[in-house]
Amino acid sequence: MTSMTPGTAEFLLAFADDEHLMGQQHTEWIGVAPFLEEDMAFASIAQDELSHAALLYAIVADNGQGSPPDDRAIDALAFDRSAADYRSAQIVEVACTGWAHALVRHWLYDTAEELRWSLVEDSGLEPLKDAAAHAAREERFHVRHADGLIDVLLQAPDSADRLADAVRDLLPLATGLFDPAPGEAEAIEAGIASAPFDTVLPEWTDRVRARFPDIDIGTISAPAFASRTQRHGDFPALLARMNRVRGLDPTAVW
Amino acid sequence: MGRTWSSMDDFEAFLNDGGMVEVDDDMPDEYRTAVFRFIELHANSELMGGLTERDWIPMTPGLRHKMAVLAKSQDEIGHGHLLYMVAADLGVKTRREMLEDLFAGRSRFHNVFHYKVRTWGDQVAICLLVDGAAVPSQKAVYKDCSYGPYKRILKRILAEEGFHLRLGEERVLRIAEGTDAQRAMFQQSIDDWWWPALRLFGPDSKPNDRLARWRLKSEKNEVMRAGWVQKFVPMLHSYGFTIPDPGLTHDAQTDTWTCGPIDWEPLKRTMAMDGPDTARRIAEASAAWETTRWVRDALDAAPAGAVA
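Sequence lines, in order, name chains A and B.
Heads up, my numbering is the position in the first sequence plus 16, with the first residue counted as 1.
Counting along the second sequence from 1, when you hit position 181 you're at 168 in my numbering, and nothing is skipped either side.
Just so you know, the hints here were simulated from the structure itself, not pulled from any lab data.
All values derive from a computational prediction rather than experimental measurement.
Misleading hints may appear alongside valid ones.
[To be verified] Cut-off 20 Å, straight-line C-alpha distance, at most; resulting in silico cross-link-like pairs (SDA-like, lysine to any residue):
#	chain 1	residue 1	chain 2	residue 2
1	B	80	B	140
2	B	103	A	48
3	B	80	B	95
4	B	103	A	44
5	B	126	B	200
6	B	80	A	51
7	B	207	B	197
8	B	103	A	260
9	B	130	B	4
10	B	103	A	257
11	B	142	B	129
12	B	126	B	153
13	B	193	B	131
Chain B on its own, in the form it takes in the complex (with noise of 0.2 Å):
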């Protein structure tokens, strides 16, 4: 057993001192109740994601464009195996018993992922949209993080999402500057992703918030939002394509874009796990971990040392 702390003011004090906790300290209950559930919804989303993904990689065209997109998956998917064993430490539930969860729709996953990939534009959409606000989210999660073994796993995750990133920047710029067709499909991307990709951040934060407190995150929603919106409006804008927002608004002095009113009822349907596509997506991945149940049998079944 590593520290122990004889309160709560005790262990905050030892964050507010930037101390740093690890899996072997006597955490108190509540900050290890916040941690694994803030971990296990970052695992289910990462596994979300690459599911989200899944159903268009076998029809991306190109076979080194392919390799990309299958490489992208497999970081999102190992993104979910790191994290699940980093959430599993904590000893709340095991791996088995969080995708148990997430495959019988008990347990939660990011907005973005309640929605169907229903074309090549939504795909290349969420490599850039969705990606890219989930890059400051994390590093914002990652800039002073008290969870030692969350943090360093960040790190690793961070780099490779700067790659998705830019493969999405890529793929994006390759489409803008393509035919009428390709513009027409990403435009209809733009406009259905713009606003579940906004959303991802959440509300504006409230003061006083735990988790702001317990250094697992450094920075408000609204300014995270703001930066994603003063990020990707020119851009899009440098390409010739339109913004789904008319309350939209730049300030011509500082150049500023500031993103009008946002409506919270579909973020709030997907945390009630009854977005769009929320039954689907979790009947495909359940009945996906249902079929392959004897295999996960098997491999349980055999003698220890068995398995190379």
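Here chain A stands alone, though its shape is the one from the complex (with noise of 0.2 Å):
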């Protein structure tokens, strides 16, 4: 079995984070897409993504030994944290406001994870292998959604304009995913992950180019600044948000 050190908990909590919080944003758009289909598709991937999350942050309540801890330990990792303890990457902290940006938000996240994943998917850390193997299949099905819409989308002038501002918009704060996470070092050196996560970024680049062929979207490279310990300017009104309930009373199971 492989241990887990304060490093590599990092790591994975950074890879949890961005899962929790992408889920929660899709939270946003259940009832308010634009048509019934995809209400329900927002609902289930949020489901989907809040579970790889539940499963990661299981990974480091119990230390990496597989044996699934309460849903107290979960959550405390999940909200209980103060903001400047979060890894998440920008990207999934920002309020999209627009379903364009929330479609576009969606592929960009959804390519990138079916990577990420991929770097697990042999890990030394059962519990994480387990867990990979769960997740690809899931990711795929997100970005073939995704995939299905933006097809269509991209044929008409209007709908194309929208898309490619959001793509214009998004892509600095995607790239951010790619942004070394705390600890990454040390799960490679472990066994936990295969290769760090920017070395799949060229892969990345060439799937988003081709995805928005039309679209000018420069250079693309990771970020020149430490993305994941500093949080985007909306991400203080998203955690009071998701707090509200449980902030009512600490004591309170409910």
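Hints are included, so try docking the two chains, each in its own frame, into the full complex.
Now the structure itself:
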């Protein structure tokens, strides 16, 4: 059994935080999507992302031993840390107020996550290896869902323009996903991940260009700042919203 | 075209014999319209139920808890989706026409979704009291429903609603065993949602109700309402909560609870689309529908086969 260190725990928390906050963001679109099938799709995808987050937080909570901790231990990691302790990328922290942005973020994120899970599919940490087998299959469906809509929306001038605006707005934040998470080198050294996440940035970039061939997106590179330790301006409101009920009574079990 | 009937008497004799109507039957226009309106109201209510609960989903306390309420919301909107398809097959309105009528305030939805969810306690109260009223109502329709496509969809809906009700019961139990703050919040929610949920069953059924004769209803409103009171009064009392009904009585010999006089004015106002939260609810739904119109327009304009 591969053991956990503070560094590898940090590495997994960054992964978990991304999945958690992506799922959280999707919950905002249920009931207000363009049609009923999309309401249901976002509800379903949100559940998947939150379940991936729960799997990852559980690994951290029980120190990689594979004995599932109770929900309170998972929720303590998911909700009770200070803003400075989150390790999420800013693409999952930013509030998307329009459907085009929500859809483009969904595609950019899930395309990256499909590659990210592949880096831990042979992990020496058994619970993570199991989680990867489960999550990778779902991420492929997520990408296929977004592709189905984008295929059509790129064909009409008005909707193609809206998607192009969203791609240009979100791409700088999305590249922050590849910003090395604290503890990544330690996780690779321990056999928890096979390679740094940014080694798949070129492949992701190729997929972005192939997906949006008519959009001039310039050079794509990893951000020049340590994005995972700096919260986006929308984060405080997001965290407050997530904790609105939990914060009513810290001793309560809901 | 399926079966035809020479007259309404002939058709009603078919229904009296337990006959099941299918979508391709040449059913009388009065029956077609009545079935359509019934299912459209049900579909609208499932969707508005999902919208009523959606406001609080992002604030759900806990990851797994959030996954459960997301699944519930997905079910509710999924029920609306299935019901709109069944209703659209009747040829009276398309799904889009039904949705646009709903978002323009031209068609109705159940009274309980004209109220605002103000606290997490309200969210849980809906899951218990409203779903607890929806299940017996839908069971009563399913039991002897004469319209085949509706009956088959109701079977699935009822299975899922049963899960929702158990989710509600589990959540209430946690609150009942919880802190003073949790209990106080939920008592307020009972006070606010008890009567709207009770009024969901409607006034006492009229004799010779056409919908009963046509087997779209198989139970009287007052019987279902009495069953709901009998179920939830003892449950909530056992958790130490009070019922906001000064006229509530208990027959010790039969161990039966009976509610006091019911004020029907709030129900009438919701039926006139003038409930406490009707205007905001419709305005928000309508605004969301309009701001995403460009997506539907692009899909409509796409060549056949382009949509995967």
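Going through the hints against the structure:
1. Only pairs whose Cα atoms come within 20 Å are accepted, and residue 80 (chain B) paired with residue 140 (chain B) is accepted, the gap being roughly 19 Å.
2. As the CA atoms of residue 103 (chain B) and residue 48 (chain A) are separated by approximately 17 Å, the hinted pair is consistent with the 20 Å bound.
3. Restraint check for residue 80 (chain B) and residue 95 (chain B): the C-alpha separation of about 15 Å stays at or below 20 Å, so the hint holds.
4. Pair hint residue 103 (chain B) plus residue 44 (chain A) holds up; C-alpha atoms about 18 Å apart against a cutoff of 20 Å.
5. Between residue 126 (chain B) and residue 200 (chain B) the alpha-carbon distance is near 17 Å, which keeps this suggested pair within the 20 Å criterion.
6. In summary, the hint linking residue 80 (chain B) to residue 51 (chain A) is supported, as the alpha carbons are separated by about 17 Å, within the 20 Å threshold.
7. Of the pairs offered as hints, the one joining residue 207 (chain B) and residue 197 (chain B) holds, with about 12 Å between alpha carbons and a cut-off of 20 Å not exceeded.
8. Between residue 103 (chain B) and residue 260 (chain A) the alpha-carbon distance is near 17 Å, which keeps this suggested pair within the 20 Å criterion.
9. Taking the CA atoms of residue 130 (chain B) and residue 4 (chain B), the gap is about 15 Å. The hint holds against a cut of 20 Å.
10. For the hint linking residue 103 (chain B) to residue 257 (chain A), the alpha-carbon distance of about 18 Å falls within 20 Å, and the restraint holds.
11. Restraint check for residue 142 (chain B) and residue 129 (chain B): the C-alpha separation of about 7 Å stays at or below 20 Å, so the hint holds.
12. Proposed proximity of residue 126 (chain B) and residue 153 (chain B) is supported: the alpha carbons are some 16 Å apart, at most 20 Å.
13. Under the criterion of a C-alpha separation no larger than 20 Å, the hint pairing residue 193 (chain B) with residue 131 (chain B) is consistent with the structure, at around 19 Å.
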